[in-house]
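*Asks:* Residue strings, one per chain:
4 protein chains.
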Amino acid sequence: MAEIETALAQVAAEMAEARDRGSVATYIPQLGKVDPQRFGIAVAMNDGRVFAEGDADEPFSIQSVSKVFTLTLALGKIGDSLWQRVGREPSGNPFNSIVQLEHEHGIPRNPFVNAGAIVVTDVLLAGHQPREAIGEILRFVQFLCDDDSVYIDRSVAASEQATGFRNYALANYMRSFGNLTHAPEMALGVYFHHCAFAMTCRQLALAGRYLANGGRHSGTGHTVISTERARRINALMLTCGHYDGSGEFAFRVGIPGKSGVGGGILAVVPGVASIAVWSPGLNANGNSKLGSLALERLAKVMNWSVFAP
Amino acid sequence: MAEIETALAQVAAEMAEARDRGSVATYIPQLGKVDPQRFGIAVAMNDGRVFAEGDADEPFSIQSVSKVFTLTLALGKIGDSLWQRVGREPSGNPFNSIVQLEHEHGIPRNPFVNAGAIVVTDVLLAGHQPREAIGEILRFVQFLCDDDSVYIDRSVAASEQATGFRNYALANYMRSFGNLTHAPEMALGVYFHHCAFAMTCRQLALAGRYLANGGRHSGTGHTVISTERARRINALMLTCGHYDGSGEFAFRVGIPGKSGVGGGILAVVPGVASIAVWSPGLNANGNSKLGSLALERLAKVMNWSVFAP
Amino acid sequence: MAEIETALAQVAAEMAEARDRGSVATYIPQLGKVDPQRFGIAVAMNDGRVFAEGDADEPFSIQSVSKVFTLTLALGKIGDSLWQRVGREPSGNPFNSIVQLEHEHGIPRNPFVNAGAIVVTDVLLAGHQPREAIGEILRFVQFLCDDDSVYIDRSVAASEQATGFRNYALANYMRSFGNLTHAPEMALGVYFHHCAFAMTCRQLALAGRYLANGGRHSGTGHTVISTERARRINALMLTCGHYDGSGEFAFRVGIPGKSGVGGGILAVVPGVASIAVWSPGLNANGNSKLGSLALERLAKVMNWSVFAP
Amino acid sequence: MAEIETALAQVAAEMAEARDRGSVATYIPQLGKVDPQRFGIAVAMNDGRVFAEGDADEPFSIQSVSKVFTLTLALGKIGDSLWQRVGREPSGNPFNSIVQLEHEHGIPRNPFVNAGAIVVTDVLLAGHQPREAIGEILRFVQFLCDDDSVYIDRSVAASEQATGFRNYALANYMRSFGNLTHAPEMALGVYFHHCAFAMTCRQLALAGRYLANGGRHSGTGHTVISTERARRINALMLTCGHYDGSGEFAFRVGIPGKSGVGGGILAVVPGVASIAVWSPGLNANGNSKLGSLALERLAKVMNWSVFAP
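Those protein sequences? They're chains A, B, C and D, same order as listed.
Going by numbering that gives the first Met the number 0, 43 is the number at position 44 of the first sequence; the sequence numbering is gapless.
Going by numbering that gives the first Met the number 0, 254 is the number at position 255 of the second sequence; the sequence numbering is gapless.
Going by numbering that gives the first Met the number 0, 106 is the number at position 107 of the third sequence; the sequence numbering is gapless.
Going by numbering that gives the first Met the number 0, 244 is the number at position 245 of the fourth sequence; the sequence numbering is gapless.
Next up, chain A with everything else stripped away, as it sits in the complex (with noise of 0.2 Å):
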């Protein structure tokens, strides 16, 4: 098993010759016009260490990475009964399919594809203002991360709004399926404010190393999420994490990891490492291109896999 800063400075050389790097996320507008170069990853090691490499301080969205935090917030405010309206099964489909939606009757797959996201938000949502929420959802990032410097990228936020005919079309059909107890422009209003998060690589990694650590800060020790719930978010994480190209990721990469289209991923070795990678260029599925490819070398170099002995 190689060194991790050894390991991490070569995998960030790799990556910096990288010719083919995905295409940007053009869906979203504000997100299009980031800068296709960037690279940056950070590990945050169980025993406290961080490492970093490349633009690993440089804030980006993070997008559908927030979901991981608003489904550690939900199912700490309304415990399992969060599973009574969101499934926990791949769903074989691109993250804003509605298809499935009609088939089963207005309960999303996951918890990570858009529409059991926002699921997840409208929960949320419950006694609270939307400003209210999304303050909540912040503070509870930035206590993860022990960093008040991460903020709301309120442009992306509104290009969302502005654009996001889609999740719209989910929000409302899950309506009238009466799985939203919010109204769609509410709860949506929400959904696309943690979506909107701006993150470094560095504060992404700290923010996950509950995850690595079974459920508690591995930096103050506070007990975030039981350690069953824990393990159970990094499955949700492995199985379904990266849209259509989940099962792909557990192949290739072999622990449990979730993106956003802004290209950011965490990924957390259990028991070692909360890990988080930038890149813009998205594959076919929606992934961090290179994000993905850094991790697959890392991993490998590390011998990071929750599937090896």
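Since the hints were derived computationally from the structure, they do not count as laboratory data.
These numbers were taken from a predicted model, which means no experiment stands behind them.
Don't take each hint at face value.
Copies of one chain are not kept apart here, so a pair can be met inside one copy or by any two copies together.
Unchecked claim - In silico lysine to any residue, SDA-like type, Cα no more than 20 Å apart, as pairs: (1) Lys299 / Arg138; (2) Lys299 / Gly270; (3) Lys299 / Thr226; (4) Lys76 / Thr180; (5) Lys32 / Ser80; (6) Lys299 / Gln99; (7) Lys299 / Gly214; (8) Lys299 / Arg215; (9) Lys299 / Ser225; (10) Lys299 / Met185.
Could you slot chains B, C and D onto chain A? The hints should help.
*Replies:* Here is chains B, C and D on its own, set in the frame of chain A:
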């Protein structure tokens, strides 16, 4: 963490009490005759010890569990070119669904749904007569568990051959897309026979040791498959091993597993143990009801989860 | 062949006896309040005679029947370029299905499923404020039946506007594919209002005369639409006018017709008559149960079928 | 309205000039050998006159046009109980789609998609050996056109039997739902043979006369089927006779028709004429490209439309 003997006895005792044992598969008439009260479990530790409880020495029809062994053989035979003919993604559909094949031009989602396993069998047929291919698979499984008494239950094979119309449909359908190189009856002839292998829990747990041990046979030390491939088969078992209940199994049990409609499940704790469990009653997704529950209990007590620190 | 007066009286008498009258639509709350005992029928012969029975002078919500009139207007406005945005094939799916839209990139199957009718409405909005577009459609229908008392039931429109989440989903979904040029709320605002037109059977039968008469208003002699277009609208009514029950209606009744969830059906006997029937109880496909039956009986007695020699 | 001789000559001349003639079906190898320049048309008027142009006396493979005759026979044999096993709705899917069967439990949408026609054939097999059933269907068609020279092109039947994997898939799939009473190979054996009937346009137009004449053979005066059933078969031809292009055909041509992948179409002008046209090149929906166009032109010139006043 508990002692394995104690844990196993406790789980077996709990299962003996279970009232709701699921429904025995009836779509293969021969399987419908099995006594739903049966329950067996065996654990083959990487250190060589083997533990068993209940009907662990009674042979049962392993059915789809055999797909793990045929996949292993096919990867050994043609390597990663297999993945041009079969995908690596969870299907989001029942095991015998044909819908996905129409939408994806005859390429099955993964090697563990029926369609995918039929393609794998087609690979193993190349250059062989069906009888020879069946013999090769049988000898491989006998080698894996170091027990020549594994046999083919010909009445089960005949039962499927006479009634497996869905599988004939799948095979012919893939043939129409050119994704089957032999006549459907030939590929299915081999497929029905390897699904009809009769094994005990003890044999099955022993046969799975290479997956818990990085591809090396923990008994003899022979390398069955490379470490990377062993990992990847584990990854596929985790994401796709329980059909449309794979996410649920990963969520609840947290280790790779492959189920069969005969009520068997082979599960793997990488680095630790290979487990086989059998109880004929199935849940709604076609996976052993008590088998899944027993694995959930055992994994919890033993703290066996690939997602745990 | 029978006399129309006799036939009509006989059919009305038979319907008055009917025990199983279907279920009144409840998904638009306002519609759920209508008395299921209502039944009316009116026939406007091409020769100018009009016959009516039952509650033929009681206004009801025409709902999707209005799609015939908006299609007529839109074809007049932009001609056959409409068919670049909406298809002409039966959908094989329920009226509010979204599955087909995902598979066919936001192009609805035909102008009579909800999605297609929303596109047609979007066409009519071009260059107008919603209020003006609604006014234009209303005046057109008033002109067709030569009766200014046709009105908009604003409580029905408001009811749909507050609860029509499926339609919001469809509109947003098409917007995400670029197949809606106005904001979804604007297009739906107009759509909900023309669906909320309140008309009597007599008015509706009169309004449909141009379709029975080669595009010419049989009362005034004005040309509403070309003969070829009138035929083609009839063809669309026959193949797509009853959602997933269109084949059944063509099979049993044998004449073009368009139904609405308010329980109305407009049917056309080319060269002979325009018929409107109303009974609020619906069958499983969302078409008026007694309305369909009454048309089947009447067509049989009168030997009215486009498929008869 | 034009004279039929003139109109026919004019249409044939126009077709002879056509550059884009579509693509000859190649999925049945034997059909791929047909010369795409062929074009024939024949019209059998109810008054007994027969007109023909082009290659109207050259036999071609009628393929799915035979489904009209088997449906007629099956309705004569078991009456409306047929509709318990096959629907009457347009499918909204290609002719050989299997998706709908999975969603609707093995009940095909209508008797003109492949799956539905296989069920119809299964009905005709009851109490017969395949050879007898084929003979019965052949004699029926010979009787209808009063010409014993109609024959089975055995090379086409053999070609399909060797390569018709999709149809084997459909048959086995329906068998798995219990909606096929004979072995799939038996039902398909008969199916492939009646699809391989070789007929000329003249023979086919003559065979269709009963549909244009209320069920009575306009030549001999024999009643082939009741008037109501003749109408209903016409209705099914209009709504389902051109697979996923049925709406388009109804829209453009406006008369009932049934196409086959051999390039033939049988069309019916109720009360007036039976028409057969043949040109081997197909459009994207699998219907004869020039055949459809010729019927559109002819129907327009002759003012033949079931939707016209």
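*Asks:* All hints are to be evaluated individually against the structure, with a verdict given for each.
*Replies:* Now for the hints, and whether the structure bears them out:
For the homomeric pair Lys299 and Arg138, neither the shortest alpha-carbon distance inside one copy (35 Å) nor that between copies (33 Å) is at most 20 Å. In this assembly of identical chains, the alpha carbons of Lys299 and Gly270 lie at most 20 Å apart whether taken from the same copy (17 Å) or from different copies (17 Å). For a Cα distance limit of 20 Å, the shortest separation of Lys299 from Thr226 across copies, 11 Å, qualifies, whereas the shortest one inside one copy, 26 Å, does not. Taking the shortest Cα distances, Lys76 and Thr180 sit within 20 Å of each other inside one copy (16 Å), while across copies they are farther apart (41 Å).
In the homo-oligomer, the alpha carbons of Lys32 and Ser80 never lie at most 20 Å apart, since the shortest distance is 40 Å inside one protomer and 35 Å across protomers. Proximity of Lys299 and Gln99 under a CA criterion of 20 Å is satisfied in neither setting, with 35 Å inside one chain copy and 32 Å between copies. Taking the shortest Cα distances, Lys299 and Gly214 sit within 20 Å of each other only across copies (16 Å), while inside one copy they are farther apart (25 Å). Taking the shortest alpha-carbon separations for Lys299 and Arg215, only the inter-copy value of 19 Å comes in at or below 20 Å, while the best intra-copy value is 26 Å.
In the homo-oligomer, the alpha carbons of Lys299 and Ser225 lie at most 20 Å apart only across protomers (14 Å), although the nearest pairing inside one protomer, at 29 Å, exceeds that limit. With identical chains, the CA atoms of Lys299 and Met185 are never at most 20 Å apart, being 43 Å at best within one copy and 40 Å at best between copies.
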